[in-house]
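Peer 1: With the hints as a guide, dock the two chains, each given alone in a separate frame, to form the complex.
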Amino acid sequence: MTAPPVAHPAELGRARLRKEDARLVTGQTNWTDNIVLPGLLHMAFLRSPHAHAKITRVNVAPARSQPGVIAAFSGADFEGEQGSLPCAWPVTPDIVIPNHPPMAVDEVRYVGEAVAVVVARDRYEAADALEAIEVDYEPLPPVLDMRTALDEDSPKVHEAGNKSFVWPFANGDIEAAFSGAPVVLERTYRQQRLIPCAMEPRAVVAWCEGDEFTIWSATQIPHVLRVMLALVTGIPEQNIRVIAPDVGGGFGSKLQVTAEEVLAMLVTRKLGRPVKWTESRSEGNMTVHHGRDQWQKIRIAADSDGRIRGLDVDLLADMGAYLMLVTPGIPLLGAFMYNAIYKMDALAFKCTGVFTTKMPTDAYRGAGRPEATFAIERIMDELAVELGMDPLELRERNWIKHEEFPFTTIAGLTYDSGNYEAATAKAKDLFGYDQLRAEQAERNAQGDPVRLGIGISTFTEMCGLAPSRVLGSLSYGAGGWESASIRMLPTGKVEVVTGSSAHGQGHETAWSQIVSDQLGVPFEDIRVLHGDTQISPKGMDTYGSRSLAVGGMALVGACDKVIEKAKVIAAGMMEASADDLEWTPGRFSVRGDPDKSVTIGEVALATFAAHNLPEGVEPSLDSDHIYDPENFSFPHGTHLCAAEVDTETGMVTIRSYVAVDDVGKVVNPLIVEGQVHGGIAQGIAQALYEEAVYDDAGNLLTTTLADYLVPSAADLPSYVTSRTETPSDNRLGVKGVGEAGTIASTPAVVNAIIDALHPLGVRDVTMPCSPEHVWRAIQDAAETGGAA
Amino acid sequence: MTQITVTVDGTSYVDNVEPRMLLVHYLRDVVGKTGTPIGCDTSNCGACTVLMNGVSVKSCAVLAVQADGADITTIEGLANGELHPLQRAFHEEHALQCGYCTPGMIMASADLLRDNPHPSEQEIRDGLEGNLCRCTGYENIVRAVRRAAEAGVKP
Numbered sequence: 000m001t002a003p004p005v006a007h008p009a010e011l012g013r014a015r016l017r018k019e020d021a022r023l024v025t026g027q028t029n030w031t032d033n034i035v036l037p038g039l040l041h042m043a044f045l046r047s048p049h050a051h052a053k054i055t056r057v058n059v060a061p062a063r064s065q066p067g068v069i070a071a072f073s074g075a076d077f078e079g080e081q082g083s084l085p086c087a088w089p090v091t092p093d094i095v096i097p098n099h100p101p102m103a104v105d106e107v108r109y110v111g112e113a114v115a116v117v118v119a120r121d122r123y124e125a126a127d128a129l130e131a132i133e134v135d136y137e138p139l140p141p142v143l144d145m146r147t148a149l150d151e152d153s154p155k156v157h158e159a160g161n162k163s164f165v166w167p168f169a170n171g172d173i174e175a176a177f178s179g180a181p182v183v184l185e186r187t188y189r190q191q192r193l194i195p196c197a198m199e200p201r202a203v204v205a206w207c208e209g210d211e212f213t214i215w216s217a218t219q220i221p222h223v224l225r226v227m228l229a230l231v232t233g234i235p236e237q238n239i240r241v242i243a244p245d246v247g248g249g250f251g252s253k254l255q256v257t258a259e260e261v262l263a264m265l266v267t268r269k270l271g272r273p274v275k276w277t278e279s280r281s282e283g284n285m286t287v288h289h290g291r292d293q294w295q296k297i298r299i300a301a302d303s304d305g306r307i308r309g310l311d312v313d314l315l316a317d318m319g320a321y322l323m324l325v326t327p328g329i330p331l332l333g334a335f336m337y338n339a340i341y342k343m344d345a346l347a348f349k350c351t352g353v354f355t356t357k358m359p360t361d362a363y364r365g366a367g368r369p370e371a372t373f374a375i376e377r378i379m380d381e382l383a384v385e386l387g388m389d390p391l392e393l394r395e396r397n398w399i400k401h402e403e404f405p406f407t408t409i410a411g412l413t414y415d416s417g418n419y420e421a422a423t424a425k426a427k428d429l430f431g432y433d434q435l436r437a438e439q440a441e442r443n444a445q446g447d448p449v450r451l452g453i454g455i456s457t458f459t460e461m462c463g464l465a466p467s468r469v470l471g472s473l474s475y476g477a478g479g480w481e482s483a484s485i486r487m488l489p490t491g492k493v494e495v496v497t498g499s500s501a502h503g504q505g506h507e508t509a510w511s512q513i514v515s516d517q518l519g520v521p522f523e524d525i526r527v528l529h530g531d532t533q534i535s536p537k538g539m540d541t542y543g544s545r546s547l548a549v550g551g552m553a554l555v556g557a558c559d560k561v562i563e564k565a566k567v568i569a570a571g572m573m574e575a576s577a578d579d580l581e582w583t584p585g586r587f588s589v590r591g592d593p594d595k596s597v598t599i600g601e602v603a604l605a606t607f608a609a610h611n612l613p614e615g616v617e618p619s620l621d622s623d624h625i626y627d628p629e630n631f632s633f634p635h636g637t638h639l640c641a642a643e644v645d646t647e648t649g650m651v652t653i654r655s656y657v658a659v660d661d662v663g664k665v666v667n668p669l670i671v672e673g674q675v676h677g678g679i680a681q682g683i684a685q686a687l688y689e690e691a692v693y694d695d696a697g698n699l700l701t702t703t704l705a706d707y708l709v710p711s712a713a714d715l716p717s718y719v720t721s722r723t724e725t726p727s728d729n730r731l732g733v734k735g736v737g738e739a740g741t742i743a744s745t746p747a748v749v750n751a752i753i754d755a756l757h758p759l760g761v762r763d764v765t766m767p768c769s770p771e772h773v774w775r776a777i778q779d780a781a782e783t784g785g786a787a
Numbered sequence: 000m001t002q003i004t005v006t007v008d009g010t011s012y013v014d015n016v017e018p019r020m021l022l023v024h025y026l027r028d029v030v031g032k033t034g035t036p037i038g039c040d041t042s043n044c045g046a047c048t049v050l051m052n053g054v055s056v057k058s059c060a061v062l063a064v065q066a067d068g069a070d071i072t073t074i075e076g077l078a079n080g081e082l083h084p085l086q087r088a089f090h091e092e093h094a095l096q097c098g099y100c101t102p103g104m105i106m107a108s109a110d111l112l113r114d115n116p117h118p119s120e121q122e123i124r125d126g127l128e129g130n131l132c133r134c135t136g137y138e139n140i141v142r143a144v145r146r147a148a149e150a151g152v153k154p
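Residue numbers (numbering that gives the first Met the number 0), protein chains in the order written: chain A, 0 to 787; chain B, 0 to 154.
Keep in mind that the hints are not guaranteed to be accurate.
In silico SDA-like links for lysine to any residue, alpha-carbon gap of 20 angstroms or less [as the list claims (entries may be wrong)]:
{"id": "1", "chain 1": "A", "residue 1": "Lys-537", "chain 2": "A", "residue 2": "Lys-595"}
{"id": "2", "chain 1": "A", "residue 1": "Lys-560", "chain 2": "A", "residue 2": "Trp-582"}
{"id": "3", "chain 1": "A", "residue 1": "Lys-53", "chain 2": "A", "residue 2": "Phe-607"}
{"id": "4", "chain 1": "A", "residue 1": "Lys-425", "chain 2": "A", "residue 2": "Ser-622"}
{"id": "5", "chain 1": "A", "residue 1": "Lys-564", "chain 2": "A", "residue 2": "Pro-584"}
{"id": "6", "chain 1": "A", "residue 1": "Lys-18", "chain 2": "B", "residue 2": "Leu-82"}
{"id": "7", "chain 1": "A", "residue 1": "Lys-18", "chain 2": "B", "residue 2": "Arg-87"}
{"id": "8", "chain 1": "A", "residue 1": "Lys-564", "chain 2": "A", "residue 2": "Asp-531"}
{"id": "9", "chain 1": "A", "residue 1": "Lys-537", "chain 2": "A", "residue 2": "Pro-235"}
{"id": "10", "chain 1": "A", "residue 1": "Lys-18", "chain 2": "B", "residue 2": "Pro-118"}
{"id": "11", "chain 1": "A", "residue 1": "Lys-18", "chain 2": "B", "residue 2": "Thr-10"}
{"id": "12", "chain 1": "A", "residue 1": "Lys-492", "chain 2": "A", "residue 2": "Ser-622"}
{"id": "13", "chain 1": "A", "residue 1": "Lys-492", "chain 2": "A", "residue 2": "Ile-534"}
{"id": "14", "chain 1": "A", "residue 1": "Lys-162", "chain 2": "A", "residue 2": "Pro-89"}
{"id": "15", "chain 1": "A", "residue 1": "Lys-492", "chain 2": "A", "residue 2": "Gly-556"}
{"id": "16", "chain 1": "A", "residue 1": "Lys-18", "chain 2": "B", "residue 2": "Pro-84"}
{"id": "17", "chain 1": "A", "residue 1": "Lys-566", "chain 2": "A", "residue 2": "Phe-607"}
{"id": "18", "chain 1": "A", "residue 1": "Lys-18", "chain 2": "B", "residue 2": "Ala-78"}
The hints are simulated quantities; they were obtained by calculation from the structure and are not laboratory data.
Excised from the complex, chain B in its bound form (with noise of 0.2 angstroms):
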């Protein structure tokens, strides 16, 4: 067991784990975060995405010793008394159906967004190229985006 301390969505855990436990099973079965789900096992759907240090990380792959002294924020600490652009965007462009890979999508969204604040639609689609969804063939997720983008979000 390796003594761990993290952020989680601006509250702080020390917590004894084990060298291999994953970061997203540490935010579930540890802090309690169940909005973070879990959609494969090789890092490929993108569900579990969150902010680590304000950098989008698939949580399935960064192991939480990882971790370590580190600023998670998950969807669960996105909105900030009201909805965040994004979430409120997601909302608005009906970007989500079943909303399982709603969460990662917000985030790798949110890094993008940091990363490049006026997106074309391209650049839209390949930047969330990590995420899948099965529900809205991305159509209306690209609006969403452009949406969140025209509104200005601050990261």
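The following block holds chain A by itself, in its conformation from the complex (with noise of 0.2 angstroms):
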């Protein structure tokens, strides 16, 4: 009881190597498609090949005879059990939430919409059998244009016409702040849909025991999930036990209930026998939910000095032919940032969400919040080179000064703190951005063929989702707190259960050195849990850039009840009063007697063994806490490319690329710079290869990686990543920093290639800016003579 305090380093900021890696690295990890369970059968799904038509007739009687083949049900099979997949956010009173079966019953939606399902005792066997399947359809016109799908004579997805919801906001006198403007620019930007591609394809296992579900998923959200599936089947929540294991990435493709995860519970509990499906990669691309997909119409009004005075914003977004858990929140997320870092007078913003008979889309990482920056980003260095301003100091003349925060935006958000001034500085002078710009003149003047541009993008984002009073006034349909619980072990080791289930985040390593730091225990003597509704039952999930700012806050909480219910018991281990007890992180000791003191894991032990703890006082240092934010957390930074274009062959090479991003207090940088590194990776996607298509019958093009470019390490360029550090008002002090790459770097990107064909007239190249859409803007202007 009288050993000196060991000295414990400080966990939070230190790049601690990753407690999961041990088992990914050898080959020991438990992916769901790695599940075998006695008697385990494969399912198939037979998919539409039609974007639309009624299904007059489906035969399933020829696929049983297969070799094999257990079973094989239609649409109609399920009926009055498969119920429809959810839509959680329903924006508006009067959106449109059409009916979502599962499986399709009359009439199919978008190609890829499951129709048929063979069970059988191997996965080649199922797909096989597949063939033997008879549907008749009769063929309905597609819907493949947003643009034109409100028009009144266009073919209706559903019978309630193509406009799911129109979602209007507005703050400022916006007449006034166009009216009489000195400049005022239009742009219309597309935001191409794209297939967000986790490298683990989904799976699913079910098993019905007796009137106990399991079910393993290959999913963001197991405890979301467990609900949803509950309310979408009728089956007793309590029932159901979901189970996440090693998931292999999401980037909100998991952040979803599919009609797969429905129809594997419905069918192991028809068979009695467990259930696995697992997509093939083509499989996924169709049906796995799509991200972005918008039209932008965006107005900028300025004084002629650059000050910004208003900005209006009209979106089309396209839902796809169903609203899934949150497809038309995506879209509104976006709502609240146009404004970004910039003051001005006004903001109105206008969504109009529309269907089509295309695979629904949904959350893709960043939400919402990418498609508003890059609109934001581009029109602002349109209006520097309207007013013949350099673009940085454009925007730093708009934006939010750093003594000015904590500063409520026209969009009605408080950012909690900032400093642009000090990222913005830092990103310059790791690019070189003065020699650049010296370098660009110089080859503009040589007529250079191959021309260098610089791209911008000073972005914000809106990150921890989130406080639940905000969620409850935008309508969406559950709160946005997140739990964790600290169980105290005998031998003084700690388990920690967390709500917001990890895939790739890191959490069992950025967990542990939080709790370390709180309750002075060892990094290497904490477990975390997580992932499975019945060692973890309560959570939010991983979503949103979430986990830390909520999760993590979570976690405190959780330690601070452990060291206040661990005081009182090592009051009386010290006979003394608990109010004369000192807390050091792992310690307990008497007030003005240095020699008497307790460590937190002797007081696990005497709290265990329970002989003689004070009176009234329960044998457990076990608590939980829920943690709901008051305020979304707001990190920024500035990004800055380089990019060579080729204006012979509209090749794009990135030269060079620096990100400072302040995400507030870090807790491991090492996971922090791999979160920026990705998500700079995954945001050059958009702007330069990657775009899922669908020709004029609504067949995708894109069903496979040689197809969908998903870049490689030879198609991306080294980035240079700092950060500085303006911490947040929760206690750790954290933002968040899953998406921040993604939202930042789209932006910069294409900034960078409008920078470089400025000077031939170039204003907008379509995304991706692949040689052919770049080459192609080049002609255009030419042909126009510099005006397009």
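Peer 2: Here it is, written out as structure tokens:
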């Protein structure tokens, strides 16, 4: 009891190597597709080859007699039990939310929609038997362009029409801002449709034993999924256990309640045997929800000195054929971010959600915020050209100064903290901004056929989703809190249970670091448990850069409660008054008597033994805490991109990329840097490479990774990353980093390309800025005399 | 069904397989080597890369019957009591996040270093072009391969 205190270095800010890696680098992993159970059967889905058609007949009987086939079902076989896949975000009172059966019964509305399922002994037999199923379709006209989908003579995706909702938002006098403004610019930007492409395809295993269901799924949201599966199927929630084992990336694509998860539950119930389904990549590209897909009309009004007066945004957002879990809410997450880091007098925003006969869209890394950031950062560059100003100078003239925080923006959000000056100064320095501008001027003067462009993105984003009351005010169907539990084990070790289910983010490491600091228990003595509703019964899961800012704070709250409980017991152990005890992480000592102390481990053991606890004290230090944030957090940063654009071939090469991010306090700089790298890569992928393309009949042309160009190491540059650190106002000072890179990098790259081509009259290149798109933009500008 | 004899991570197996069975399905579903994952169906992603007679192959692009008589090394057989230098380098450089591409990335890197023990950054990027990662942006993967090269990886 009198051992001298062990020096315990702070974990916060320490580049700990990850605990997760040991199993991941050796192949000792537990992906959903690895799971084998006694009597396991395999499912394969027959999917619609039509974008839009009536189903007039389905005959699954011939499949049932194929080798190895145990059962085959069509949509009619699930009548009365399959329910409708949920949309948890009815954004307006009059929103149209169409019925969305997991398996189509009467009509299909996108290529890839499931129409039948075969269950067989192995995956080969299941796939083979699909060919025996007979389906008769009566084709209907597809609806493929959201811009004409609202025309009166457009074919209808649903009986109620092609408009799902119109969501307006305005603050300030937008009329006054635009009338008489010396400069008004209007642009239309295209956010192409993207496919998330997490490396692990979706997979689900479902097992019904008696009336108890266990669902293993490659999901980001085991907790949300459990609630939703209960609501969709009517199976009581207490009879459903959802497990997210090792999950190989999500990027929003696994923030979903999928048809296949629901159908796996219903099939295992019908057959009384466990079933597995693992998608192929081609199947996944068609039927994992897509991202982005918006047309953005944006108008900006400014004074002649560059001060922004107002911003008016009119969005068309492609919902696809149905509304999935948070489909309609995604573009609205951007509504509050169009004003970005800038001050202005007025903001108007309108979003129209449109149905088409394509795969539904939903959350994809950044979810609404990359789109908003792209549009504002692009038009800021255009405004700079219009005014003949340096684009960084224009931004600085308008951004919120560091001494003005906390700052309530025109969108009504209160930005907690930030220092745009510091991040920008650091980025300019690392980038060599002035030298590159000089080189650019020289090369332009020489008429170099390879143009140098400098792209800027001074972004912010809203993360730490989310204060529950704000979600309520936006008609979202759930809260935004997060849960944590701390279990003090008799041997002084600690189990940490988190409701934030990780799939690559490194929670096991970062959460150990936080708890180690709070409780003074060694990093190695802490085990983090997550992703199983029986082990971690409460949670809101992982998306929207929320885990640390919300889930991390829940840990701090739970640790506080452990310390409170331990203090009473420690006082009893030392025969002192609890009021006289001092806590330094890991140890209670008696004030004024430094020799008298007990460690948290000793208190844990005494609590376990419970021989001599103070009267009325329960023998447990275990504590739970739910943290509901007061506000979002607002990371920001300055990303600068130098691009070489070959005007003869349209080829774009990124020459250098500098990212200075301010994500508040950092728990683990290694993990933060990794998130920034990966985020930048995904944003560059949107700028240069990726697009989900449908043909005129509504067939997805980019079903494989040969057609959908997820970039490789050879396609991407090396990044220079650095940070500034402006703490948030939560106790850890943390903000969030999961989406920052993706939000920042797309406009940085495209701004660089346009900056290079501006002297040639190019004002926009449609993403992805492939050699063809760039080359055509140059030719069009030449033909129209540079007025494009 | 065709009988094949395959050595996987040092153990010899004799199995009857369908001629159409992919090597990756043989490894995962028959031998139980689930450390090798599947990321696509067109041989683009490289997640399923293993060494066949010391040379990297995408095991979704090889039939099990083609591996008859072959010596296969998967990510599970790479460590020899302690982590292979590439496994250690991936850990130390934080070259993985979700870890799904990691087995293939490490096996492809092993073949890259066998071929070119001291690659430049560009040679690493070009050498790993057939392996996709969605999490890391490749920066730390390149660093890890350089680190392993500096440590002198023996194939």
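Peer 1: Report the numbers of all earlier hints that the structure fails to satisfy, in ascending order.
Peer 2: Violated hints (numbers, rising): 1, 3, 4, 8, 10 and 11; every other hint is consistent with the structure.
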